[in-house]
Amino acid sequence: MKKILIWLLVIVFTASLAVSWMGCKQKEEAVADSITIHWAQWAPADNLQALSDGFTEETGIDVIVEQTPWETFVQKYNVEMIAGSDAWDIIVADSQDVGNMAINGHFVELTDFVKEKGILDAFLPSAMYYYAEYPKGFERYWGVPVEGDALGWAYRKDLFEDPDNMAAFEAEYGYALDVPESWDMLKDIAEFFYDPDNEFYGVAVYGDNGYDSLAMFAEQTIRAYGGDLGNFETFEVDGYLNNEGAIAGVDYYRDLYQFVPPGFGDAFFVATNDAFISGIVPMATNYFAFLPALANPETNPFADVTGYFTCPPQVGVDGVERQSVALGGQAASVVSYISDEKKNAAFKWLEWFAEEETQAEWATMPGSFTCHEAVLNSDEFLSAAPYNPNMKESFTLFQDWWAVPQYDEMLRTFSEILGAYIISGEGTAEGALQEVTDIWTGIFEEDGYYDPDFDPNDF
Amino acid sequence: MNNNPRKKRAENMAYRSMKDTTLLRIFVLPVIILLIVMNVFPLFWSLVLSFSDYSAKKTTNWGVNPEMIGTENYSQILSDPKMWNRFITTAKFVLLSVGLQMILGFGIALLLHQVKFFGKGFLTTLLILPMTMSPVIVGIMWKLFYNPNYGMFNMLLGLGKIDWTTDPNFNLFGVVIADVWMWTPFVMLLSIAGLSAVPQYLYEAAEIDRASWWYKFSRITMPMVYPLLLVALIFRTMEAFKIFDVVMGITGRGTTAPQLLSMYLYNVGFVTWQTSYGSALGYIMLIMIIAITSIFIKYLNRAKQ
Amino acid sequence: MGEIVKKKRNIRRYFVIFIIVILTVVYMVPLLYIVNTSFKSWSDVQQVPPTFTFKPSIAAYIRIFTARVVYSSGNQPTQEEIDQMKWYERLVYEETGEKIVRMGDLPRRYLNSVVIAVASTVLTIILGTIAAYGFSRFKIRGKDDLLFFILSTRMLPPVVVIIPVFLMFRTLNMTDSHLTLILLYTAFNVSFAVWVLKGFIDEIPIEYEEAAMVDGYTRFQAFRKIVLPQATTGIAATAVFCFIFAWNEYAFALVLSRRVSQTVPAWLPYQMGVLGYDWAAAAAGTFLFLIPAMIFTIILRNHLVRGITFGAIRK
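Which chain is which? The protein sequence lines are A, B and C, in order. Position in the first sequence (first residue = 1) + 46 = this note's numbering. Position in the second sequence (first residue = 1) + 13 = this note's numbering. So that you can map any letter, position 238 of the third sequence is 226 in this note's numbering, and since no number is skipped, the others follow by simple counting.
Among the hints, erroneous ones may be present.
[Unchecked claim] The calculated label-pair distances, taken between Cβ atoms and stated as ranges, are: (1) Thr220/C - Glu80/B: 49 to 57 Å; (2) Pro432/A - Thr39/C: 48 to 56 Å; (3) Gly173/B - Asp504/A: 57 to 65 Å; (4) Asp210/A - Thr39/C: 23 to 31 Å.
[To be verified] Each computed DSS-like pair below joins lysine-lysine, with the alpha-carbon atoms no more than 30 Å apart: (5) Lys(-6)/C - Lys133/B; (6) Lys174/B - Lys129/B; (7) Lys233/A - Lys389/A; (8) Lys203/A - Lys43/C; (9) Lys(-6)/C - Lys229/B; (10) Lys129/B - Lys87/C; (11) Lys105/B - Lys229/B; (12) Lys203/A - Lys182/A; (13) Lys105/B - Lys311/B; (14) Lys182/A - Lys394/A; (15) Lys229/B - Lys(-5)/C; (16) Lys43/C - Lys87/C; (17) Lys131/C - Lys(-4)/C; (18) Lys87/C - Lys74/C; (19) Lys203/A - Lys(-6)/C; (20) Lys311/B - Lys(-6)/C; (21) Lys133/B - Lys43/C; (22) Lys182/A - Lys389/A; (23) Lys311/B - Lys87/C; (24) Lys389/A - Lys203/A; (25) Lys174/B - Lys43/C; (26) Lys129/B - Lys(-4)/C; (27) Lys233/A - Lys174/B.
Hints listed in this document are in silico derivations from the structure and should not be mistaken for laboratory results. This one's a predicted model, so the numbers in the text were calculated from it and none came from an experiment. All C-beta atoms in this analysis are idealised placements derived from N, C-alpha and C, irrespective of residue type, glycine included.
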């Protein structure tokens, strides 16, 4: 008996070594007529895989979409790029990473490519600006927008249109209950519905500040009330992030946060959807890419009474009305460490992807959103899903975070300091914003952005 | 013919001593080499990095060249006002978690040791199970379990809406509970082993002398189990300082997570890519862990005598 | 008089057994919760307040094994297509409105986990036993320091070592190979193995080997024929711990494996579909992943206890 076991062990051991050795070998035999795309693990990536089968049919080049979970996606491709790896031919990287990837030479410059192939004209200018351009305003491009995305909202039509609710709301607030027309109105509605004793809460918004969830939501309210993250072209922060509008915006987020269900301190896209599905909130925010879950009657018991709205405008502290939406989404870029053959194959794929036909098909898949202007305006797109009109509207309104290479340090300080205020109430909005402004100014100064001869285009 | 056995023995001895040193090398060297390559070399590299301002992400395109800055990283870490809080939180976690594990583990082992019954082996196996699970997956499952809205933890204990994952008053305990659940079996196992090793005749002798329960426990049981308990303590303390996977699953690594050193280390090293700062912090942690465990090991060596 | 004492002892005995059973049940609750969740349907998972009883569904298990896409509203299957679906396709369609595209990543990852865990365990045992024997029997300068050094490698926060290790393997072009993780896990486990096995081998009287060597056996033969058989318990115990570590490891697997060699822990926690986080499927995957580790532990349970006993206490 013992002997059998020992032999078994020996066989398994040798087999394991053999398998691992074979695994090693396989890498060297990488075929030149296949490309690998690296993206996050979510449905749009599955869609891309399915979509790319069309490309394989046309050209015979295999497409493999490799997926890494969101929580570790950014770290993963950063680590690989640092090591100069040719593991992937195309990376659909986060929009904030454009600067980092461009300056450090990880991505191939696509300026000529997008101009020649007409991509620059066919795609939405705002999409090209935010997803692919770096430095902002210098007309150098590094990617082709793949997934357009923005923060949107879902709401319970049945609760909003319920006559008792409407009467009670009007009595309390003096105006009719309806889809929010301003951030202030949104807060009133949240307050109105907030009823913790009956396990019902006012709203589901992000709270997680481990990466960019809290920051993305905050940048909307900051901008809506008159502040901003800074000037993307002069790198000034003072006067934008610490002005009255910004303070009002952050205070607004803190007030709104009082109406979320318990346990939302690390809420991101999963939690807000879950809250909506379990029926404990009347409104929930999420990236449009995650809204298909709410439109699907199998996964959302309230699907047929779910409506959608875009982030509302707001009259800021200076009396000017603004509407700002946080941008999500990614663009596909070509890695600079791969062989020329692979680069050609990658360019071919990009060209095929940007065609109107492909974009139209891409847009019909649940969870993927196109940035192709003509497709966005087409009826097919607008009627394919209930939130698509809101998506289209958001595309012209959205604004992004900083795309400079230092974005991650800026993001972390912002999230930590403002997160402490918004989630836990530590300090004041003014104090927190001033602290962040000082740190950011310090970062830019240290890296030479304020030097008179600084040229952001110098690389 | 008569000389042969003696000659043979002499030959054997010479043969043996010559082979011994080479054999010694063959026996011990592979391990040492593997450890040096996989552990020492990267450690050394990190050490050098920690004295520079290198960031794995920045290149010379920024006009920023990484340079040696001496102990600036270290002084920055030690003077960071929030760092003290992180040390305290980590210390709290280690004390709570390891302490509870030791008490619970040893307690359960004592109970199990008292009785023999049908199915005891089965129950023991069940109790060992949590230890065999992957920490990060355990974290995710506990996260669902803890959810104040649709998880069952609060419901089963009748605790209302306590938020174990993001409320700064409770999140540390949330992680402690999950960690204790996972690792008590480890301590239990070692304790069972120790308790089984105590020779029965010692107890019987004490029984004849009509010794009290406390006497039996403190003079017979404890001294023999003590070394194993120390081993458990050493390993669990080491792991508790480094804890990462479980916390990642339950609370993530934002500001609503317990401010543990390892989470901060990950943020610094992999989110903002301040590689050398992270290396310095890692070294400080390493020194702390070495210091504390050497104290324990000294006790262990003394106890073994 | 004896009767009463016996009764007292019996009561006490039953009382202790009772406590142990209760403890075990309580201890198993989180585990039961996981299994319970894996059989819930999608919308049952997020029910507020949570329920014990529900209509069980094995759709989660199907989901964990497959890659799916959602039927878009314009593309819903016709009635005859539904009739033609296989039973598992229909289950998935009814529960989440998805279409199965292909076999998912779980089987591949599972296989990787098995290969890497087994190989690294075997390697650890071989290297560890040999080194432990060396430390036990030979005089080595600075033995205690060397032993401490070996132990200290276990004290490293992995995050500190990850970047240099990653860059090292990158230069060798080995960032997605099984061998990488095997070597890494062996390096981490070998410290524990040497410690435990050394203590164990110390227990074995050296006289047997000396006698054998006098009789003409080489050192190595003595090791093989005398020491090894007596050390099996310790080896078994160490094997269990090393296997569990390699089976469940997360941090290094995350960074050092991608498509070819990724293990289950690096892949399982994040089951994001377009429909949100798939708690039920994650629970199903957790349960499935637990089984081998469980079996391995059960088989070697007796050795575990005995092995540890001698592993750390010297005579």
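Numbers of the earlier hints that this structure fails to satisfy, in rising order
2, 6, 7, 10, 11, 12, 17, 19, 20, 21, 23, 24
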